[in-house]
Amino acid sequence: DAGITQSPRHKVTETGTPVTLRCHQTENHRYMYWYRQDPGHGLRLIHYSYGVKDTDKGEVSDGYSVSRSKTEDFLLTLESATSSQTSVYFCAIRGTEGTYEQYFGPGTRLTVT
Amino acid sequence: KQEVTQIPAALSVPEGENLVLNCSFTDSAIYNLQWFRQDPGKGLTSLLLIQSSQREQTSGRLNASLDKSSGRSTLYIAASQPGDSATYLCALLSGSARQLTFGSGTQLTVLP
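In order, the protein sequences belong to chains A and B.
Heads up: the first sequence begins at 126 in this note's numbering, then just goes up one per residue.
Heads up: the second sequence begins at 954 in this note's numbering, then just goes up one per residue.
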């Protein structure tokens, strides 16, 4: 499982509240990613990080921010949650250098009411 | 923009049958292609990765092929088992981007 954990695993929150999801890895991988998975849209990249304090936007970054102050942690923040952000959020890391193979965490199911 | 299509969306087969899942893509400038398995309510498990320079990869009963010229990949599952029931996703890392582009998946059911 590439040593990836996500917390919380489930969360219900109200519209307008801030939410932070955490991804933690234990194997010192440089690249980390946040995806969301929705019926009819598949998996889409939100943000990714290529090192401590180095991040960039993905396909669906509006309404999300990220931070990476330590190699092992990549945080995804919804500053003011909306119902359209109800989704399953997956964190991933890029494994062995050169192959670009990605490994995924167990996911966080977020419901915004 | 890379587009990835997986057909069929759902497939039901009897146990023991050999089967093929298809993945097609529009941009052949790729770094690699990954096949994943996703069980209901779970994360994605990487099954096979094919580098751009490779034609196929095998792991146990699974064999994945890649034909960049035609924009197609197949995942062959031999002697299917009920435990193979899951959604299978293909994803491509394109040369012009650092992100994976996913297909919508094929939901496989293997009947005992």
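One should not assume that every hint holds.
Think about it this way: if two alpha-carbon atoms lie no more than 30 Å apart in a straight line, the pair counts; the simulated DSSO-like pairs of lysine-lysine are [stated by the list, open to error]:
1. B:LYS954 - A:LYS178
2. A:LYS136 - B:LYS995
3. A:LYS182 - B:LYS954
4. A:LYS195 - A:LYS136
5. B:LYS1021 - A:LYS182
6. A:LYS182 - B:LYS995
Honestly, the hints are just simulated from the structure, not real lab data.
Model, not experiment: these values are computed from the prediction.
Task: Hints not upheld, ascending by number - done: none
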